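Reading the sequence shown from the start, the letters are residues -17 to -1, 1 to 471 in mature numbering (1 follows the signal peptide of the UniProt record, and there is no 0).
By construction, these hints were calculated from the structure, which means they are not laboratory data. The model shown is predicted, which means the values in this text are computed figures rather than measured ones. Don't take every hint at face value.
[To be verified] Derived lysine to any residue pairs resembling SDA-like cross-links, with alpha carbons at most 20 Å apart:
id, residue 1, residue 2
1, K312, L371
2, K202, H139
3, K202, G292
4, K221, P399
5, K221, K312
6, K312, D409
7, K221, D344
8, K312, E370
9, K202, K221
10, K312, A412
11, K312, A373
12, K202, I126
13, K202, E129
14, K202, D173
15, K202, I220
[As the list claims (entries may be wrong)] Taking CB as the label site, the calculated pair distances span:
id, residue 1, residue 2, range
16, M81, H383, 53 to 59 Å
17, R380, L316, 22 to 28 Å
18, T313, Y389, 56 to 62 Å
19, S365, H211, 18 to 24 Å
20, D262, P188, 35 to 41 Å
21, V70, T368, 44 to 50 Å
All C-beta atoms in this analysis are idealised placements derived from N, C-alpha and C, irrespective of residue type, glycine included.
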Amino acid sequence: MLGTLGFWMLFPAAVQGCRDSDEPGCESPRCEPARLAHPSPGSTLFTCSCGTDLCNANYSHLPPPGISRTPNSQGPQSPPGDSFLVVVSLLGLFLLLMLGSSILALRQRKAFRASGGQELESEPGRSWSQELPELQELCFSQILQEGGHTVVWAGHLQGEAVAIKAFPPWAAPQFQAERALYELSGLQHDNIVRFIAAGRGGPGPQPPGPLLVLQLYPKGSLRHYLAHHTCDWLHSIKLALSLTRGLAFLHEESWRDGQYKPGIAHRDLSSHNVLVRDDGSCAIGDLGLALALPGLTQPPTWLPTQPRGPATIMEAGTQRYMAPEILDKTLDLQDWGMALRRADIYSLSLLLWEMLSRCPDLWPDHRPPPFQLAYEAELGSSPTTCELWALAVAERRRPHIPPSWYRTTMEPGGLPELLEDCWDSDPEARLTAECVQHRLARLRHPPETPDSEEGSSSVLPSFCPQPCPANPGIANPLPWQGTPSDSS
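Can you build the whole structure from these sequences, using the hints too?
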């Protein structure tokens, strides 16, 4: 009969095998290790003997009961170097966490600056409130609208009725970004909201914050106006032309009288951000998301609201008016200046559709339906981004063009074709703002013969005319109660 034995140095087993059963110690049916002395310092040798088949294959590393551990007993303990490795690993992990937190904080700070443009540059020890004059003669009358982080008030400054865009103190960078654009020396235009002053203040006991003082347009937003008025053909074209003229001016890069004006993408065109003047023309407002664009000429070394990465360029405003390439994140970042201009043209096409939907001359019974926002008939008043993506990107659908718009006597097919050329799914196929302006001017003054060559949009010249003379400003404005902005 043969017995079995095993020798271990920690684990795995150092020696396993069979020995003569006459040797003492083989009576146990199990392998129960016993601690023996070992010549190497810091090491312990365990051995066991048992008398059943393959009993040395099943063993425990713990010493038998009753044998207490000594400080030098290393049985199931880790080697001495393991503790040092654990400490070093934990220290390295802590340093990595600290480094990651610092990088994350830096990126968040950059993203915050990029979302609102330049931060207020202050001297040490000075706050933003010390950078701005206090507008003591400014009077707040009533709230016109609230949305995002701003509140727009009607008020008076030195006897003039004004609109006051009030920012909370924590939104000073956003205020500075919009202010920087309004203060560009070449931005004055009749179809852009007129900037009056920037300062600090607030209504009543509220803590003062940064303010933009702008011209008040008592007819309110284009959305408010269209919801309460219909417009005949000439009035509709006047609204459309003035809006397009303002957008063409924004997109244009120019040097005039030694003053440089960069091209500007609005990025938040909606019927809520376009205001109606007393003369029936439009003025584009709310430059909070606008970006100065890279130009062909040599611009100054500093421009306001420069983007700091793809995420900033891809930002956009009201979801309902977002171009398909922004909804599906395929905007051309290689030529992002032109890409953002084309995205503005898509938004413009939806505004033109909203204007024309309220024109009695385009309906057989001269009774246009109640005002609806673009895609409201298809998706309701508060569409989600996913719903808009499915409709405008996946299905490539656009607002419905009634059959009567194709049969207009002004220029058969010209109006629907204009809209389709502006909201094309291919951004590169869309018209420029200057060419939209030219096409609208031709619709305002239709050719004598509908089927003449001049009436065909396929032979349009490549150039676009200079903007028409601007209309005179409004007089004696009165406060109006606007409709609140929605996120759609």
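Results for each hint:
{"no.": "1", "hint": "K312 / L371", "in the structure": "holds, 13 Å"}
{"no.": "2", "hint": "K202 / H139", "in the structure": "holds, 17 Å"}
{"no.": "3", "hint": "K202 / G292", "in the structure": "violated, 38 Å"}
{"no.": "4", "hint": "K221 / P399", "in the structure": "holds, 18 Å"}
{"no.": "5", "hint": "K221 / K312", "in the structure": "violated, 34 Å"}
{"no.": "6", "hint": "K312 / D409", "in the structure": "holds, 14 Å"}
{"no.": "7", "hint": "K221 / D344", "in the structure": "holds, 14 Å"}
{"no.": "8", "hint": "K312 / E370", "in the structure": "holds, 15 Å"}
{"no.": "9", "hint": "K202 / K221", "in the structure": "holds, 15 Å"}
{"no.": "10", "hint": "K312 / A412", "in the structure": "holds, 18 Å"}
{"no.": "11", "hint": "K312 / A373", "in the structure": "holds, 14 Å"}
{"no.": "12", "hint": "K202 / I126", "in the structure": "holds, 15 Å"}
{"no.": "13", "hint": "K202 / E129", "in the structure": "holds, 17 Å"}
{"no.": "14", "hint": "K202 / D173", "in the structure": "holds, 16 Å"}
{"no.": "15", "hint": "K202 / I220", "in the structure": "holds, 18 Å"}
{"no.": "16", "hint": "M81 / H383: 53 to 59 Å", "in the structure": "holds, 57 Å"}
{"no.": "17", "hint": "R380 / L316: 22 to 28 Å", "in the structure": "holds, 26 Å"}
{"no.": "18", "hint": "T313 / Y389: 56 to 62 Å", "in the structure": "violated, 31 Å"}
{"no.": "19", "hint": "S365 / H211: 18 to 24 Å", "in the structure": "holds, 21 Å"}
{"no.": "20", "hint": "D262 / P188: 35 to 41 Å", "in the structure": "holds, 39 Å"}
{"no.": "21", "hint": "V70 / T368: 44 to 50 Å", "in the structure": "holds, 49 Å"}
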